[in-house]
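Visitor: Below, each chain spelled out in residue letters.
Number of protein chains: 2
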Amino acid sequence: MKIATLNDGSRDGVLCVVSSDGRRFVRADLIAATLQQALDDWDQVEAPLRALATSLDNGAVDGDKVDVSKLHSPLPRAYEWIDGSAYINHIVLVRKARGAEPPATLRTEPLVYQGGSGTFLTPTQDIVHDSEDYGIDFEAEICVVMGDTPKGTKASEAGSYVRLVMLANDITLRNLIPGELGKGFGFFVSKPSTAFSPFAVTPDELGASWRDGRLHRPLVSTYNGAVFGNPDAGPEMHFSFYDLIEHVTRTRALTAGTIIGSGTISNEDVSRGSSCLAEKRMLEKINTGEFKTPFMRYGDTIQIEVLGDDGEPIFGTISQRVVAP
Amino acid sequence: MKIATLNDGSRDGVLCVVSSDGRRFVRADLIAATLQQALDDWDQVEAPLRALATSLDNGAVDGDKVDVSKLHSPLPRAYEWIDGSAYINHIVLVRKARGAEPPATLRTEPLVYQGGSGTFLTPTQDIVHDSEDYGIDFEAEICVVMGDTPKGTKASEAGSYVRLVMLANDITLRNLIPGELGKGFGFFVSKPSTAFSPFAVTPDELGASWRDGRLHRPLVSTYNGAVFGNPDAGPEMHFSFYDLIEHVTRTRALTAGTIIGSGTISNEDVSRGSSCLAEKRMLEKINTGEFKTPFMRYGDTIQIEVLGDDGEPIFGTISQRVVAP
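Chains A and B are the protein sequences, given in the same order.
Using the working numbering, read the first sequence as starting at 1 and increasing by one per residue.
Using the working numbering, read the second sequence as starting at 326 and increasing by one per residue.
These are computed hints drawn from the structure, not numbers from a lab.
One thing to keep in mind: the hints can contain errors.
As the list claims (entries may be wrong) - Cut-off 35 Å, straight-line C-alpha distance, at most; resulting in silico cross-link-like pairs (DSBU-like, lysine-lysine):
no.	chain 1	residue 1	chain 2	residue 2
1	B	K617	A	K151
2	B	K395	B	K479
3	A	K292	B	K476
4	B	K610	A	K65
5	B	K390	A	K154
6	A	K285	A	K96
7	B	K479	A	K154
8	A	K70	B	K421
9	A	K292	A	K96
10	B	K479	B	K610
11	B	K421	B	K617
12	B	K479	A	K151
13	A	K96	B	K476
14	A	K151	B	K421
15	A	K96	A	K154
16	B	K421	A	K96
17	A	K151	B	K476
With the sequences and hints as input, model every part of the structure.
Guide: In structure tokens form, the structure reads like this:
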């Protein structure tokens with residue numbers, strides 16, 4: 001089942017079900033007004049939502065044509081947005097770029113940070129920042145949306161709490177990071193509002209690509225019209241989503257609708273490119289002694305998607321432009 | 326106006342208005358079902374809520390007796406919980422306790438971290454953790470609850486976005502902090518679910534005590550039945566709430582219902598005591614060469630309140646006990 005949120009100008013939008021091919025949608029607000037409400041009442045609403053999706057796929061319900069520009073992120077705001085950093089290659093490269101050492105617990109304990117979750121961007125919303133000097137960067141990621149998840153959930157049981165999978169553009173202001181991390185409390189102003197993919201999909205919709213708490217497909221980032229990276233999100237995700245869930249529930253529970261991110265997808269094979277500019281810059285520094293690729297400038301565009309076997313974007317496409325205020 | 330949330334077992338509880346003396350309440354769910362909904366629609370609901378509060382205070386509406394054990398935190402979950410650390414004395418002492426230096430920007434740029442906001446404790450809920458070895462500590466704080474606040478809000482205009490003031494017990498697992506901060510991404514498992522005061526009050530309810538974006542009253546922490554600290558929350562709050570708001574809106578907007586915390590209240594005058602155990606321990610270390618006071622043990626109790634001129638707790642009383650799972 002694919003789910004989307006129609007951006008009708010309200011805070012939390014209108015819950016919709018989308019056809020398997022991503023082309024048609026139908027409002028589902030008679031079942032649950034919003035995706036948050038659906039996640040709050042998942043046991044009651046999952047079956048009717050799936051029935052509606054089936055009706056849309058088999059033609060019993062016509063639906064309307066999807067216009068991604070009219071969609072919000074599936075959750076326009078969420079109670080928590082917890083972002084991991086589960087790809088070792090990314091951590092090692094980006095810390096080198098900052099002149100910082102990887103943590104001693106690199107391979108034994110997940111890195112996560114608590115992100116701002118009150119004001120997400122839509123999948124096609126402009127990325128507006130006051131200065132190009134902030135070092136505006138995209139970060140292409142996979143995310144899961146959780147149901148209620150108890151404190152002390154083990155990785156082995158975490159899969160049953162995953163409701164939906166989607167993509168994120170975890171926009172980062174690179175030049176604000178060093179001063180902020182230097183204060184010792186983690187990211188804040190360096191992590192502005194995040195955008196998510198037009199569609200959130202149930203794990204079963206992903207077939208064999210979803211296994212072991214990882215999405216085994218390439219994540220394609222297209223920067224200013226050219227493919228910038230297509231690393232496989234599966235094999236090199238050192239900590240699976242299930243491992244991340246075990247970690248983040250160690251001392252507290254998660255409410256329904258909590259989003260957990262994978263961190264920037266990264267492969268050791270440099271021919272796969274990168275999912276953020278910081279990595280490419282670090283590789284340039286290693287190979288040539290200097291950074292060459294600038295961070296994003298006003299007018300730059302980024303598209304993020306995962307293609308299905310039919311070549312269509314499973315989650316729709318995040319498609320954003322950086323613009324001046 | 327004083328507001329509370331009745332804990333009826335639902336996720337977000339029932340919005341209630343409380344009398345000025347904190348003794349009687351009336352359900353306000355015909356005006357807005359929950360506090361989040363009231364904050365979402367504040368311009369429409371503030372006047373009818375205030376009218377209901379007036380009716381309760383002048384006896385036109387009877388209401389029912391407040392039983393704090395039946396209340397939830399005013400927001401049982403929130404879209405963001407951003408906690409500052411605005412008392413310089415606390416930062417300096419606690420960093421000494423961790424063997425860490427205060428940041429170079431100590432007096433020029435606020436320290437904030439993004440806290441988990443999906444699963445708050447009620448004001449009287451037990452603090453349940455797997456081990457006393459986590460170093461369980463309370464932290465008594467003042468908080469504000471925001472309306473929609475634009476990106477780029479200046480301190481001089483921030484006051485108009487503050488909807489409510491309340492207290493927090495920002496429970497901290499001290500012994501999990503060093504390993505976590507060593508990873509460079511800030512707090513996560515060391516900051517479990519926070520509890521807030523029974524009542525959230527509009528700034529006007531605080532009279533002259535609320536000025537310059539600070540609450541000028543002592544915050545009283547009572548640990549195992551004895552007063553542990555009563556520092557004034559006003560004069561030594563180096564960054565006011567308005568300064569914190571300017572900082573946290575530098576690169577993104579805040580949605581209605583975002584909670585911003587002051588950080589642990591602390592005065593340089595040691596006779597005022599402390600608002601967390603870590604500070605007392607550090608003072609012991611400085612004075613005697615060793616930590617004497619242990620962190621919280623199963624069975625320990627903590628009460629946090631601010632008294633009004635009538636000696637009654639303005640925000641009600643946070644009253645919690647640490648218990649084994």
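Visitor: Would you list, in rising numerical order, the hints stated earlier that this structure does not obey?
Guide: Structure breaks hints 2, 4, 5, 7, 8, 10 and 12.
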